[in-house]
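Residues per chain, in single letters:
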Amino acid sequence: MAETTQNSGDVVVDKGGASWSDLWLKEDYWAIWLGFILLIAGLIIFLPAKPKDMDAIISKSNAVMESEAARAPFKTVAWFKAQDDKQKLRASGSEAGKFFKKWMAHPGGWTTNPMDSLMMSQEQADALNAKAMPKFEEAKAKAATALAAALEAEKAAEAAAFQDAGLNTAAEEKIDSWRKARASESRARAKTTSKPYNHIPSLIVLGLVMGLFFAVGIKFMGKDVGGFLKGFSVVFALSAVSYVFAGQATMKQYGVEYAVWAIAIGMLIANTIGTPKWVKPALEVEYFIKTGLVLLGAEVLFSKIIAIGIPGIFVAWVVTPVVLICTFIFGQKVLKMPSKTLNMVISADMSVCGTSAAIATAAACRAKKEELTLSIGLSLVFTAIMMVAMPAFIKAVGMPYILGGAWMGGTIDATGAVAAAGAFLSEKALYVAATIKMIQNVLIGVTAFGVAVYWCAKVDCVEGQKVSWMEIWYRFPKFVLGFLGASILFSVMDGSMGSDAGYTLLDHGVLRGFTGMARGWFFCLAFSAIGLATNFRELAHYFKGGKPLILYVCGQTFNLILTLGMAYVMFYLVFPDITAKI
Amino acid sequence: MQNARPVARWLAFLAGCAFFWSLMFVICPAINRTFPDMQRIARVVDENNLRTGMFFYTDVEVTGAAAMHTSSTVRFMPHGAGRPGG
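Read top to bottom, the protein sequences are chains A and B. Just add 23 to the spot in the first sequence (first one is 1) and you have this note's numbering. Just add 567 to the spot in the second sequence (first one is 1) and you have this note's numbering.
Take the hints with a grain of salt, since some may be wrong.
[Claimed, not checked] Under the rule of at most 25 Å between Cα atoms (straight-line distance), these lysine to aspartate or glutamate pairs were calculated in the DMTMM-like manner:
#1 A:Lys124 to B:Glu614
#2 A:Lys501 to B:Glu628
#3 A:Lys418 to B:Glu614
#4 A:Lys218 to B:Asp604
#5 A:Lys178 to A:Asp199
#6 A:Lys121 to A:Glu146
#7 A:Lys104 to A:Asp247
#8 A:Lys218 to A:Glu195
#9 A:Lys242 to B:Glu614
#10 A:Lys501 to A:Asp187
#11 A:Lys253 to B:Asp604
#12 A:Lys165 to B:Glu614
#13 A:Lys203 to B:Asp613
#14 A:Lys125 to B:Asp613
#15 A:Lys253 to B:Glu628
#16 A:Lys356 to B:Glu614
#17 A:Lys242 to B:Glu628
#18 A:Lys418 to B:Asp604
#19 A:Lys124 to B:Asp604
#20 A:Lys359 to B:Glu614
#21 A:Lys125 to B:Glu614
#22 A:Lys604 to B:Asp613
#23 A:Lys163 to B:Asp613
#24 A:Lys104 to A:Asp199
#25 A:Lys125 to B:Asp604
[Claimed, not checked] So, partial list: chain B residues that the calculated Cβ filter (under 7 Å) puts toward chain A:
#26 Val574
#27 Phe622
#28 Thr630
[Said to hold, decoys possible] The following residues of chain A were derived to be distant from chain B, with all beta-carbon distances above 12 Å:
#29 Met138
#30 Pro224
#31 Leu235
#32 Leu324
Hints in this document: simulated from the structure, not taken from any laboratory. Backbone N, C-alpha and C fix where the C-beta goes; we use that ideal spot for every residue, glycine too.
Taking the hints into account, I'd like the entire structure generated from these sequences.
Pasting the structure below:
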């Protein structure tokens with residue numbers, strides 16, 4: 024690992040070096056080992072947990088979709104039903120999936136009583152289900168009527184050999200109405216299936232297991248294991264409380280997630296009653312964050328970038344790097360931001376995908392915890408505004424919803440907010456917005472790697488100094504290799520399995536059913552530790568002159584203009600066929 | 568604040584807690600009541616059981632359905648009889 028030292032002439036020089044012992048002494052490597060232990064365990068558990076008749080259902084569904092695509096000029100009822108059959112296949116529904124869901128679940132939602140997020144009795148669950156039942160029955164009847172109308176309209180279009188444009192359009196509209204009614208039915212059904220739960224025992228067990236899991240690395244790194252475990256109990260408890268706060272109905276709507284609560288509550292404690300000294304050995308921010316990032320790497324599946332074809336690649340993978348680089352240069356040359364790391368973290372946060380990009384970039388360029396906190400705060404405020412303002416603007420000006428969806432997917436930071444803004448417009452807008460965001464999410468792998476290399480080769484060296492490849496290697500944050508390795512491994516597996524089996528076994532098995540939950544907890548631990556170690560005054564120092572805010576506003580304005588232009592060109596001028604069929 | 572008396576520090580802590588409470592139950596609901604678009608977003612969020620602050624696609628359930636739908640559209644794009652220009 025590289026070390027920065029100061030010689031007698033007050034000139035900062037870099038002294039690189041690496042030894043085999045780094046493999047068990049440095050936290051970057053421990054992040055890789057721990058991350059891969061979980062990923063391999065996930066593969067061993069979930070790959071054999073294939074849903075019954077998975078291969079047969081996938082083959083049959085694909086055959087139906089292919090024949091229906093060749094039969095009619097629009098997506099027929101059978102086409103959608105075949106897609107729904109595939110969508111139900113999830114390894115996370117297996118016994119193993121249910122086990123992890125029970126033992127790794129974070130506290131759930133609540134409205135007025137926070138205890139509702141931790142416990143629900145059988146009586147409460149029954150009462151909720153009974154309350155939701157009439158709405159479900161109504162939605163079910165509407166969906167059945169809409170299906171009958173869709174089938175009738177499709178039959179009429181077929182009787183005219185699909186040559187009557189009017190009948191085709193009428194059938195498409197009826198099928199659209201059925202899809203909407205079906206989605207409402209599905210949402211209403213979900214509210215009738217409440218089950219009793221008590222998260223308190225599972226949280227205690229989870230806290231103990233996670234503490235011991237991280238303590239292994241702490242022991243090898245030569246740190247105080249006892250002190251770490253003692254302090255970890257507080258860090259974990261704070262994380263659990265953050266999840267409780269994030270589950271409150273109004274906070275869910277505003278996007279004030281666990282990361283924000285963990286930092287806010289931690290900072291409140293640190294700056295008022297003070298973080299107890301015995302908690303400090305557990306404030307291993309980088310250790311938690313890097314382990315979470317290795318797990319996140321597995322969720323960066325490169326096969327996802329072709330989900331919506333070439334238009335999606337252009338909107339998410341051409342605009343985003345252009346905005347990122349231009350915003351960084353603008354911050355350096357025009358705003359003259361004193362901290363390059365803060366400049367880069369805000370640029371990545373704003374242009375790529377919000378908090379996840381900020382975490383990955385901050386770790387890759389070794390930004391300070393205050394810089395990450397500031398960046399996440401800016402993202403939270405602008406996400407909440409854009410989530411409401413953008414769909415309202417799109418409706419007001421009569422912009423086509425697919426264009427609007429692509430625009431919001433490429434510009435709003437958090438995926439949850441993108442989904443909400445898309446759903447505000449229509450189901451199609453939601454699908455386009457969420458898919459574009461997903462493609463953009465995949466870009467964080469490339470971004471983190473690029474930033475790490477750029478920082479090692481250009482930023483972290485004396486002006487005019489030529490840096491050798493070995494020196495770059497010494498300085499390179501090694502956990503990035505774990506992040507990329509996990510991404511490549513899971514992308515190759517996803518590609519070789521095929522998109523449908525990958526959806527079932529990896530996306531909705533290993534990732535969403537196991538490692539994604541662990542990753543969420545690890546990030547929450549990291550943010551709790553950041554909060555507990557952050558001083559208000561230091562944070563204010565980074566905001567001096569409002570430059571971070573100016574950078575974010577200017578960068579986001581450029582992002583909005585460029586993304587809208589690119590989405591229009593791609594979805595309406597170059598590939599109108601894809602747009603028409605979505 | 569670290570040099571302040573313990574009582575002052577605890578009071579500051581309680582004031583912070585009160586601010587969080589008011590954010591959840593006073594400030595944000597008041598914004599919702601003032602701006603109709605906020606109410607509409609609140610309804611959408613509730614209906615779809617979304618967590619708008621979730622940052623990665625794997626954290627948001629609906630992205631699975633979205634990706635499946637859009638990739639199926641590209642993979643099995645309808646091209647049967649009656650297609651304009653076909």
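Evaluation of the provided hints:
no. : hint                 : verdict
1   : A:Lys124 to B:Glu614 : holds, 22 Å
2   : A:Lys501 to B:Glu628 : violated, 32 Å
3   : A:Lys418 to B:Glu614 : holds, 20 Å
4   : A:Lys218 to B:Asp604 : violated, 33 Å
5   : A:Lys178 to A:Asp199 : holds, 15 Å
6   : A:Lys121 to A:Glu146 : holds, 22 Å
7   : A:Lys104 to A:Asp247 : violated, 57 Å
8   : A:Lys218 to A:Glu195 : violated, 38 Å
9   : A:Lys242 to B:Glu614 : violated, 47 Å
10  : A:Lys501 to A:Asp187 : violated, 62 Å
11  : A:Lys253 to B:Asp604 : violated, 47 Å
12  : A:Lys165 to B:Glu614 : holds, 17 Å
13  : A:Lys203 to B:Asp613 : holds, 16 Å
14  : A:Lys125 to B:Asp613 : holds, 23 Å
15  : A:Lys253 to B:Glu628 : violated, 35 Å
16  : A:Lys356 to B:Glu614 : violated, 46 Å
17  : A:Lys242 to B:Glu628 : violated, 37 Å
18  : A:Lys418 to B:Asp604 : holds, 11 Å
19  : A:Lys124 to B:Asp604 : violated, 34 Å
20  : A:Lys359 to B:Glu614 : violated, 45 Å
21  : A:Lys125 to B:Glu614 : holds, 24 Å
22  : A:Lys604 to B:Asp613 : violated, 29 Å
23  : A:Lys163 to B:Asp613 : holds, 19 Å
24  : A:Lys104 to A:Asp199 : holds, 13 Å
25  : A:Lys125 to B:Asp604 : violated, 36 Å
26  : Val574               : violated, 11 Å
27  : Phe622               : holds, 4 Å
28  : Thr630               : holds, 5 Å
29  : Met138               : holds, 15 Å
30  : Pro224               : holds, 24 Å
31  : Leu235               : holds, 26 Å
32  : Leu324               : violated, 9 Å
Against the hints set out earlier in the document, violations occur for numbers 2, 4, 7, 8, 9, 10, 11, 15, 16, 17, 19, 20, 22, 25, 26, 32.
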